[in-house]
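Undergrad: Below are the chains, spelled out letter by letter.
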Amino acid sequence: MEQSPAIEAKGLTVRLRRTEVLHEISFRVPEGGVTGLLGPSGSGKSTLMRSVMGVQRIASGTLHVLGRPAGTPALRPLVGYMTQDAAVYGDLTVLDNVRYFAALERKSRGDAREAIAAVGLTEFEKRKAVDLSGGQFSRVSLACALVGKPRVLVLDEPTVGLDPVLRVDLWERFRALADQGTTLLVSSHVMEEAGRCDSLLLLRDGRLLAQLTPDELRDRGKSQDLEQAFLGIIREVQPV
Amino acid sequence: MNPRMLAATTARVLNQLRHDHRSIAMILVVPSVLLAVVYWLFENETLPPGIPRTFDRIGPIMLAIFPFVIMFLITSITMLRERTSGTLERLMTTPIHKADLLFGYGIAFAFMAALQSAIATGVAYWVFGLDIKGYGGLVVLVAVVNAVLGVSLGLFCSAFARTEFQAVQFMPIVVIPQILLCGLFVPRSQMNSVFQTLSDWMPLTYSVKALQEITANVDATSEMWRDLTIMAIVLLGLLALSSFTLRRKSS
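In order, the protein sequence lines correspond to chains Z and G. The opening residue of the first sequence carries number 1 in the working numbering; numbering runs sequentially from there. The opening residue of the second sequence carries number 1 in the working numbering; numbering runs sequentially from there.
Just so you know, not all the hints are guaranteed correct.
As the list claims (entries may be wrong) - Part of the chain G face toward chain Z, derived, beta carbon under 8 Å:
#1 5
#2 8
#3 14
#4 16
#5 19
#6 21
#7 22
#8 85
#9 89
#10 90
#11 93
#12 96
#13 99
#14 229
#15 249
Please keep in mind that the hints were generated in silico from the structure rather than gathered at the bench. From the three backbone atoms N, C-alpha and C, an ideal C-beta is built for every residue, glycine too.
The shape of chain Z in the complex, shown without the other chains (with noise of 0.2 Å):
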């Protein structure tokens, strides 16, 4: 029998406000790996975590999480996540933020400090998450993603505004995750991420242009730079 894979929508419809933002997207995401979510901003990558999430209603189509529809209880413990602008409470400290998230996922305070670790704000964990820096505040609410061991964890746009060191640091720890059985489904708008990832659903205007790998995507969008490639793909679906 064939396992279910991590993530997999069918027709899937979203709109916001009577407006349609997701257009019958469909594909599937096996379990393991690294699935980049690219488009340019405003394309629904958003929307369509949030989708994964479970927090946004479905207008139509079906969308189901380790072969459940989004949103079950049972799968809050498995799915771990990072929202776009960083969801932490910045009157806390990095440690007791992640220490708050770790105690909803039953976890011990040895994972908080693990996942701080992994994040790499060991130093900073008794400093108040408002007192840092842009992209330190995300990195803690990436830990507090990071500190349930989920199966698939989704990942809103989590190396934005990071020093490059630290953005090569991170796609090596997701590698690493991936590497362990996780699933992560990583948005970014830099097409230069891509070539990291195992997968790739190119996103534009909430239609879903393809789902292929970053070798397939050079061979179609005829150009070894990505962000020249997705541009080769566009004209391909919509010639101008």
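Take the given structure of chain Z and dock chain G to it, following the hints.
TA: Below, chain G without anything else, positioned relative to chain Z:
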């Protein structure tokens, strides 16, 4: 409900408050200062013998109003921040149950209210010689129930505000009418029938009545327990309504 998630939420709310010195001062110090103002306002009144001081009439009512107003304000703003900062939606993706969140807030603020009314009652009793016939612990009990009433009303109202400014606007609509009609300015028996009926439907009225029972009687009266029960029912009803305003899915 899960005890660990409930405890973690209570600890988190108190921890947030601990970093906020102004709110702590507002909860713990301001009521006593305002009591002092009322005391000195009526310091030089001349009364015929046998008539109780105005402070003895107003003092207990103020002890009922403080926790209600202050907790309403603090809760509605804190909960609104939780909604607008995205942490509420983030929490909804974790295994936490809505009840853990609502009761976590309730317990944290009830604890602060207990401290608040212990201080305010102590000041009223020992510093200004407020004449309380009943047991002081009951005053604190009524204040705590009243504070949680303010918390539940604040949680509920925060659902109807988009900004902190809008949340504050509920003060004149929801809170001030209750202060006007609870018996502070005019005894309820002297109000016209419309206001009396309105007053009957306002929860703050019952906390004022309960406190008046305590100050006037040595032993706890059945009237007081009845008022306290009404407050408890209203606050549980409001908490239940608030849980409907915490939606996991947005449309």
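Undergrad: Each hint should be assessed against the structure and marked as holding or not.
TA: Going through the hints against the structure:
1. With its C-beta approaching chain Z no nearer than about 6 Å, residue 5/G sits inside the 8 Å limit, and its interface hint holds.
2. Contact between residue 8/G and chain Z, as hinted, is supported at the beta carbon level, the nearest pair being about 3 Å apart and thus within 8 Å.
3. Because the smallest distance between the Cβ of residue 14/G and any Cβ of chain Z comes to about 11 Å, over 8 Å, the interface hint for this residue is violated.
4. The beta carbon of residue 16/G comes within 5 Å of a beta carbon in chain Z, closer than 8 Å, and the hint placing it at the interface holds.
5. Annotation: interface hint on residue 19/G holds; nearest CB of chain Z at approximately 5 Å, less than 8 Å.
6. Among the interface hints, the one on residue 21/G is violated; its C-beta lies about 11 Å from the nearest C-beta in chain Z, farther than the 8 Å criterion.
7. Annotation: interface hint on residue 22/G violated; nearest CB of chain Z at approximately 12 Å, more than 8 Å.
8. A least Cβ separation of about 7 Å between residue 85/G and chain Z falls short of the 8 Å threshold, and the interface hint therefore holds.
9. Contact between residue 89/G and chain Z, as hinted, is supported at the beta carbon level, the nearest pair being about 5 Å apart and thus within 8 Å.
10. For the restraint placing residue 90/G at the interface with chain Z, the shortest Cβ-Cβ distance is roughly 4 Å, inside the 8 Å limit, so the hint holds.
11. Because the smallest distance between the Cβ of residue 93/G and any Cβ of chain Z comes to about 5 Å, under 8 Å, the interface hint for this residue holds.
12. Here the hint on residue 96/G is kept, as its CB sits about 5 Å from the closest CB of chain Z, short of 8 Å.
13. At its closest, the beta carbon of residue 99/G sits 13 Å from a beta carbon of chain Z; the interface hint therefore is violated under the 8 Å criterion.
14. The criterion of a C-beta within 8 Å of any C-beta in chain Z is not met by residue 229/G, whose closest approach is roughly 34 Å, and the hint is violated.
15. Proximity of residue 249/G to chain Z holds as hinted, the smallest CB-CB distance being about 5 Å (cut-off 8 Å).
The structure fails to meet hints 3, 6, 7, 13 and 14 from the earlier list, while all remaining hints are met.
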